[in-house]
Amino acid sequence: MPETVRTLSSMRKGQKGVIDSFTDYELSLKLLEMGCIPGELIEVIRIAPLGDPIAISISGYMLGLRKAEASTVRVRIQE
Amino acid sequence: MSRKIKIALVGNPNSGKSTVFNALTGLRQKVANFPGVTVEKRIGYTNLKSDSGEVVEAEIIDLPGTYSLYPKSPEEILPFQILCDPNNESHPDLTIVIADGTNLKRNLFLCSQILDLKIPVILIINMMDIVLYKKMSIDFKGLSDRLGIPVIPMDGRSGKGITELKKAIVLPLVSPVKDFIDVREFAPEVVDELRSIVKVDSNYNAFLGANNLHIISGFEMQQWKKDKIISICEQHKFDPQQMQARETLERYKVITLILKDHLTSLENPVQKSNSYKIDSFLTHRVWGYLIFMVVLFLIFQVIFSWASYPMDLIDSGFVSLSQFVRSSLPSGLLNDLIVDGILAGLNGIVVFVPQITLLFFFVAILEDTGYMARVSFIMDRVMKKFGMNGKSLIPLMSSVACAVPAIMSTRTIQNRKERLITIMVTPLMSCSARLPVYTLLIALVIPKGSIYGFNMQGLVMMILYLLGFVAALVAALAMKYIIKKKERSFFVMELPMYRVPRWSSIGIHLLEKVKIFLFDAGKVIVAISIILWVLSSFGPSGVFDSIEKKYEGQSLSGQIQASEVSRLVQTEKLEASYAGKLGHFIEPAIEPLGFDWKIGIALITSFAAREVFVGTMSTIYSVGGDESAKLTIKEKMAAEVNPHTGGPRYTFAVGLSLMLFYAFAMQCMSTVAVVYRETKRIRYPLIQILYMSGLAYLASLIVYQLLKP
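Chains A and B supply the protein sequences, listed in that same order.
With the first letter of the first sequence counted as 1, position 21 gets the number 21 in the numbering used here; the numbers rise by one all the way through.
With the first letter of the second sequence counted as 1, position 363 gets the number 363 in the numbering used here; the numbers rise by one all the way through.
If we strip away everything but chain A, and leave its shape as in the complex, we get (with noise of 0.2 Å):
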């Protein structure tokens, strides 16, 4: 299966896959600190009820953030 590499921003719910890259520096730089680096495994777990924030599940914890800036993070899919 080809691999498929889309924005954070645009998974479902319970979609997992693999931090690819960042297309915003400023933002990464808050991101990776929180423990969002490429390489490490995440999952859309949850989306607020009106559509944003989106929750993920990253080196177990939870992050909670923005589409706005789950947009600037590549994801490689894994269903």
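The set of hints was computed from the structure by calculation and includes no laboratory data.
Pair ranges (Cβ atoms, derived):
no.: 1; chain 1: B; residue 1: A443; chain 2: A; residue 2: T23; range: 54 to 64 Å
no.: 2; chain 1: B; residue 1: I702; chain 2: A; residue 2: Y25; range: 48 to 58 Å
no.: 3; chain 1: A; residue 1: V5; chain 2: B; residue 2: R488; range: 16 to 26 Å
no.: 4; chain 1: B; residue 1: Y676; chain 2: A; residue 2: Y25; range: 31 to 41 Å
no.: 5; chain 1: A; residue 1: R6; chain 2: B; residue 2: M456; range: 52 to 62 Å
no.: 6; chain 1: A; residue 1: R6; chain 2: B; residue 2: G507; range: 42 to 52 Å
no.: 7; chain 1: A; residue 1: R6; chain 2: B; residue 2: K515; range: 47 to 57 Å
no.: 8; chain 1: A; residue 1: R6; chain 2: B; residue 2: L213; range: 32 to 42 Å
no.: 9; chain 1: A; residue 1: V5; chain 2: B; residue 2: N87; range: 40 to 50 Å
no.: 10; chain 1: A; residue 1: Y25; chain 2: B; residue 2: S231; range: 18 to 28 Å
Computed from a prediction, not measured in an experiment: that's the story for all the values here.
All residues carry an ideal CB built from backbone N, CA and C; glycine is no exception.
Model the placement of chain B on the given structure of chain A, informed by the hints.
Relative to the frame of chain A, chain B by itself:
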């Protein structure tokens, strides 16, 4: 033999830092402010004994939680400054890093940064109860050898590990020797020059300084050194963003390697965790909001019904105390001062301790369980529409207790515009100082009884609180379009696991808050009560005498009963006093709102602090004289007659108008001061006073004019 040692407690938010702090220091702690900034500085003390019999006097500082030494929000600047500036007065001899054991990777990141600063470190791996529950196993010995520091497992809630920590604290201090990562290789020239010319004490401190040029201006360092640092960075084209990214990636690479050797964890699917299951309800698209409303509703119902018993007790206690003092001291000026000035003022403060305690209690539970973070999560979208952030909800909610700490807690909001708007509208939320005013007025004009089984007075109280919230949202919306600032808005927030509240921590927190209310607010209230008593007991010379003379003749001729005469004398005296004159002076402006000069006096004194209203009312009505000492303030106000209508002074319309005025007006010196300190511009508190008072006047005017008979 004894020695002194300064210890700093550092850790990520939600790592259980304050539990460890409380376990170490118990009640030997105080809250002060860091110089120049309003962040609360919690300091505790403990004396420990080493095996050799040496006494170690430890001063422990609990620093605000942070994820790294790269400050992203104003709150995170403090740990950076204290740890990186050796000349800072709070710079520690020893740092205790608290790490959440269930999330070692992210928590070790901060620890590794501190290690590279070469400050002696003890690593606490906290939340061992959950670590074990999740069947993770950590090789503490291996980790300790690898990092070169003591590593202590702990379960802060049960106190397991505290003894071991105390033992480790008294050991001789050892600075870390080897670098966790070698930052020099990222920027060799800059690091070397900073170390040789500016004499920075470690490679990493040099590197961090170069990365945070905008913050080191606050360091205790000669100006030429600061200038030199800047010029060295410019000369070598130091790129902070790129450097920070490289450092972060390198640290995580090393941490991942270390954890591979010393941590074994099973696959723990999030969906199986209890937190996930609870979240299915609490962040549900229907239940989530419904539950939030119900929680708020229940809290207000409970506060109103539970607090009334102790409050009645306190009230009647003060009435009997006043009578006792009145009858046992010789009558005269001193007697009046104690009963009508001091005791009346004290009563006005102490009576609200039950409600404030309950309120702080519930706010603390919401925070401590992790529910508040969920509320931010489900409300972010809504708050964004109003120019704020999901994180704004925490200040807004906690300003239900007090706007001062709430405004300080806006420091977690990274975006300046969102933070400013939150600061500007937070004082519209009904704080605990309004509670006394609401309570008194509601009891006065809203009938007891229930609608559909709900306490009617409690219902009105909740409506008032909601009104404050709605007003805050509307004001925020207006400011969203007025304030022009282009900056990115962030919402990146950890959603911590749900946990049972730590009752002892909440207990200590409550004690602290009530103490602050009683002493800090209390001082102001008692002082104002005494001033007020003086103003209302004295008048321009000769006026009081002529009033007495006027009635002397009447009582002698037997036209009116003696008690009636003394009441008339007292009332006329109050009206002629300095306070009465002040009240009369503003009466024309407040008459359209339904207020008389007595309420006018209270409005003036309330501009220092709202809760003074009740004290002022007590003082004003106590000045009335002897008979009335047996009545509570509410009974006295209910008996007050409006001379124009002949009916009661406090009608439904007047009561409502007053409540609205207090709901909206900016009457709090402390808030004004804290807004100034947080925004560093005098114009923001000024705008706040103007717009809030304007809103208050307008709302009261409309309501009174519509409802007046």
